[in-house]
Amino acid sequence: MEKPVSIPELFETSTITVTINGRQYERQVPVRLLLSDFLRHELHLTGTHVGCEHGVCGCCTILLDGEAVRSCLLLAVQVDGRTLTTIEGLAGPQEPLHPIQQAFREQHGLQCGFCTPGIILSVHAMLRDKPEPTEEEIRHELSGNLCRCTGYQNIVEAVKCAAKYLSEQKREGQ
Amino acid sequence: MATRWFGASVQRNEDPRLLRGQGTYVDDIDLPEMLHAAVLRSPYARAKIVRIDASAARNLPGVHLVLTAEDLGDVLEPSPLLIPHQALTHPRTQLPLALKDVRYVGEAVAFVVAESRYIAEDALELIDVEYEPLPVAHSLEAASASEAALVHDDVPGNVAAQLVQTVGEPDEVIANAPHVVRETLRMERGAAMPMECRGIVARWDRYEEMLTCWISTQGPIAIRNGLAAIFHLPEHKVRVIAPDIGGGFGPKIMLFYPEEILVPFAAIRSGRPVKWIEDRRENFIATNQERGQIHEVTYAFDDAGMLLAVRDVFLHDTGAYTPYGIIVPIITACSLPGPYRIKHYASACTVLYTNKVPVSPYRGAGRPHAVFVMERIMDGIARELQLDRLEVRSRNFIRPDEFPWDVGLVYQDGGPTRYDSGNYQAALDKLKALLDYDNFSARQAEARKQGRYLGIGVGYYVEGTSIGPYEGAHIRVEADGRVFAATGVTTQGQAHQTVFAQIIADQLGITPQEVMVTTGDTQAFHWGVGTFASRAATVAGSAMHLAAVKVREKIIALAAELFEAAPQDIELANGNVFVKDAPHRALTLGQMAIKANPLRYTHGENARKLAAMDLAAARPGPALPQERGGPGLEADGFYSPPHASFASGVHGAIIEVDSHTGQVTFLKYAAVHDCGRLINPMVVEGQIRGGVAQGIGGSFFERLVYDEEGQPLSATFMDYLIPTAAEIPAIAIDHIETPSPLNPLGVKGAGEAGVIPVPALFASAIDDALAPFHLRVCEMPLHPCLLYELLQKSG
Amino acid sequence: MKPPRFQYGAPSTLQEALELLGRHGPDAKVLAGGQSLMPLLNMRLATPAYLIDINRVAALDYITAREDYLALGALARQRQVERSTVVQQRHPLVIETIRHIGHTQIRNRGTIAGSIAHADPAAELPTLLTCLNGEVVATSTRGQRVIKAGDFFQGYLTTALEPDELVTEVRFPWLPSHAGRAFTEFARRSGDYALAGMVAVLAPAPDGRCLSAQISYLGISSTPVRASTVEKLLSGTSLDDKALNESASAAAQLVDDEVSDIHATADYRRALTMELTKRALQAAWRSCTRTEKGA
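Chains as they are written, first to last, in this note's numbering: chain A, 1 to 174; chain B, 1001 to 1795; chain C, 2001 to 2295.
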């Protein structure tokens, strides 16, 4: 006799609702669509970049419910009902740069800019969890993001500078 | 003229956009009705194609087009040979799609265009290709063996070229020298691995009858000209744009990659825009690589450590084709003498085909090999004579008063290898100070007592940069006072939108933020070559300077007329043009631009101001006299260097080697460089840091491994190990400036400098650290397992 | 590098997930953290007809201290465990091991159970589980069974799981009292899979000698290796140089010739194993708390 348990349907497309940078989107997507492709080509949020599609380079890093994750290793359907932050969420085209972005500018922490959004969001999460990292901790945390242009040194300096700006901002806010 | 911006570490104009994620890289471009392409690539390193059946792929819903070689019509032609050379007797270039033969894993066999990349990849799996695998020449040794498998059936011995250059009488000197050493030194392949892979979007606009392509390339103008020829279009109906590019490093200066022909072909054929974005797996097998050479070097020296003669016989791995000619080995041959006085030198290079990805320049472009060989020679002399390694170098340096120094060879640009300026000892002195070199041996001895192996290594390079043929620039002052500038070179992170703005801002009395620079758009500027070979800042920068000077002169002439003053009394500062000592007689730069066009009407503030000013009335005669040279404030400038200018530098590092595990840690790294005058020191230092990181990667982490069937074994980021922030040390940088007399700015190129000496200094440091084991590093890259094996052998 | 087509399901209860696995097992893959599976899908090295996403099965998301072991539900994320106060206080070796896994971005999604089920012999968690005599709870519509670590890992990426079984819980036994511990590995870069690695747990006897040892290696064979020869050698010794050297030599014997790859030959891994053994044993021994000092 058949067990009276409903077996969920399997499907190849799905409708998802997701909040990104404070705005809600509803879309129908193929289940195999990568989150990176969903962001870039469905929503035209092209600030998140794709460098390897196997989870090593970190260019595609975004924040999922505040945690840094690789969007090339997530399916769009997996973020139904979730909250994402992409680089576009830190500062809009006419808004002042976020302190982390400002720090990267001042320290020349980017050259071609391709790895930069992924790094900035990783740094955002890093400094939230660890507001005063040592250089060694910074380098260790950054090892999940590859950069081929800068040799990392200015990125490390930018993180130290960003940490300072964020703690100043916190103090001012108090 | 005093410069305010030249030499300043100005923050970059490109940053706000890039930091916000508002850059436009090729894959960011989504056009209405755009289709997506994927490439079927050969799984064999050498095979005949027996049969291709694409019918199942064509029938897959969502697939629009499947192309094989037979569908290409007269487009099925080998790509142009970019740089012919008389020594290149057997050049071979690739077809856009393989017809009967595949010669490397990754060679393009079929091209699918579909509604999405996902579907296109599904279609690839449905294309049925029958191959007949053939024997493979998987390495230089295999390709040069007596019964070697042939990469091209009609190229005997796989020899593409043989190039011999001789200066002086090296054989005679070697025969009579007190000390002669012979050694084999080798370097193996690495890849540029920019974070952005290649990509192309092509659109055929049937209303304008215009082909527009966005390509992640370093050389759009050449591509534009080539596409016009291939598709029988007038040049002005083809536009190629290199938008923001996520790293170039050399392999993106190439034409044609097959996709650069196939994507426009498909766009024209289908009438819809087509996009192809290379994925990372493809990047490993379809984007050019470099660095494979084997050197048999013989060097002769005297008891004082003076290098008397060098005979270098080397094999160069060009991969399956020679799209870029033999530039890389030419550069190796010409770079080998380095900063040293060598009057007797023979270089004999054999360029061999192998069944691997084709070779074209990757940052350094043959110089790392040359420096590796020469610096091993210097260390070898020191070891043989028990002299200090740096002392040997100092004795052999070309002296500051000996410039220009003619090496006696023909450089990659066809001009002489003639060092324009330099001061090699001065840089070495600075490096020694940065590393505290003189106190190192005590520190090393102390460490050895504790069973720790510390070593110091140094690598000196002289780098030919800033070659021609030429570059150009166009500058125009706009009505709002901002300046528009365009040039044919491209940008992949070198801050051209800032450094060119600095050059212009100095001439026109404005800030760099008011200059809008466009690079790499053939519609904005269509004369020029591209960004490669450490030339853009010098050659395009000089062109920018010349154009800016012309615009400045036009402004001064017009202002003199308007203000009825002498030209030498006109000044440009803070966005204003005014009479010295009478600053109330001033117009803004924008207002000058308006006045420079007799037809330009204007509004608001500008209209009121211009009407109110007591400016000289128009004289009788033409409103636009001939001598004005045209309306507006714009000008073109072109700069063609007489020959290369030679930057130089020396890097050093202190390392620690764990003799049990072969692991190496950098304790200190310092670089002293000379690239003439610096336009933006912050940018130059950034380039050096990035170059060093690639050099360290290419010395100890990154390896392109192929098996005996030519199958790539390290074709993902899990196996091809790009160093992270945890592996790359902080780098202390100092510089000296010996300006180049060859260009108006006095600059020399710096883009490749960081990577060039790293393999050499790494080998030097390891030898020094493991001196108790009598190690002599003769190959690059190393990795811990290999170092361990070398230690076992020496033990 | 886009995934092939598949049918997708996202059950919200364990029963639903098991029913799906029961129906489609051999043609299905389970998606949890995705940090190992998604690269395989993107490269089309895995082409399952069905993808069963268990990320919505809330009942699998737990970290629980039980009497003899730490129990981690299938959805316990590596980063979550890393930050858990329970684990920090009661099983710090688990945290020290997790810290070597990839990077924060990986650990934010990767699950403990997923790493165990993937069974990469160069991964950290399978070796930790083996060292601690841990267990895997495998559940299907047919019931539940508990599989010992030693029986679970059967070969390269191969486990004792049946196609319709889901790992629902992983159990890491607590360390013996006063035991010292160490996790060490050699990797090429920060966050890489190790070329060789070792977990060591040493329990001291009241007389100050080694009472018992639990030692496992990663990266030296097609599964994690429990080094019983080394454990026997150490027992009763005070970890003097002789004991360390003999242990190192015995450990080197355990390296399988077949682990040679482009990064490291078997021989080199033997050298690494010897080095690791000495370093990890010394570190573990140093971290023992002696009974006189109290726990």
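Hints may be right or wrong, so weigh each one.
[What the hints assert, rightly or not] The calculated lysine-lysine pairs, modelled on DSS-like cross-linking and capped at a C-alpha distance of 27 Å, are:
1) 1668/B to 1432/B
2) 1550/B to 1580/B
3) 160/A to 1668/B
4) 130/A to 170/A
5) 130/A to 160/A
6) 2148/C to 2232/C
7) 2148/C to 1449/B
8) 1449/B to 2278/C
9) 1580/B to 1430/B
10) 1793/B to 2232/C
11) 2242/C to 2278/C
12) 1609/B to 1668/B
Note that these hints are calculated values from the structure, not bench results.
Sort out which numbered hints this structure fails and list those numbers smallest first. 7, 9, 10 and 12
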